[in-house]
Amino acid sequence: MTQQTQRPKAVPTVQVNTDEVIVTEWRFAPGAETGRHRHGLDYVVVPMTDGTLLLETPEGDKHAPLVAGQSYFRKAGVEHNVVNASDHEIIFIETELK
859 MTQQTQRPKA
869 VPTVQVNTDE
879 VIVTEWRFAP
889 GAETGRHRHG
899 LDYVVVPMTD
909 GTLLLETPEG
919 DKHAPLVAGQ
929 SYFRKAGVEH
939 NVVNASDHEI
949 IFIETELK
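So the sequence shown is residues 859 to 956, counted in the numbering used here.
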């Protein structure tokens, strides 16, 4: 995993939290990060903007393109730090399945 420097933090806003799901809007300024974390639930991401994310994982770093409206699903257990590698704000909606 890349040596982390001081970066701004991505801004999460929980929009829905029920017994079934947690829906969070994430906003990333250029260079902003989530901080390293592990997903405890399966989740779906719906990008609202195009852009490129840098995923810093225990297995190494990789870039992941985002396309507005092109959703993707991940199983619980994913561990990473997500960084906005674009020169503009990135926004996505994350729905965690309880």
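If you're looking for bench data, these hints aren't it; they were derived computationally from the structure.
Warning: the hint list may mix true and false statements.
Below, simulated SDA-like cross-link-like pairs (lysine to any residue); rule was C-alpha separation at most 20 Å, straight line [said to hold, decoys possible]:
1) K867 - D877
2) K933 - V902
3) K933 - G889
Restraint-style ranges between C-beta atoms, simulated for each label pair [as the list claims (entries may be wrong)]:
4) P923 - K956: 24 to 30 Å
5) D919 - D877: 16 to 22 Å
6) T876 - G918: 32 to 38 Å
All C-beta atoms, glycine included, are put in the ideal place defined by N, C-alpha and C.
Verification of the hints:
As the CA atoms of K867 and D877 are separated by approximately 28 Å, the hinted pair breaks the 20 Å bound. A threshold of 20 Å between alpha carbons decides the hint, and for K933 with V902 the separation of about 9 Å falls inside it, so the pair holds. Proximity of K933 to G889 is assessed by CA-CA distance (about 26 Å); at most 20 Å being required, the pair is judged violated. For the pair P923 and K956, the supplied restraint of 24 to 30 Å holds, since their beta-carbon distance comes to about 29 Å.
Range check, D919 to D877: Cβ separation about 36 Å, and the 16 to 22 Å hint is violated. A beta carbon spacing of about 36 Å between T876 and G918 agrees with the range 32 to 38 Å that was offered as a hint.
Figure legend: structure checked against the earlier numbered hints; hints not met, in rising order: 1, 3, 5.
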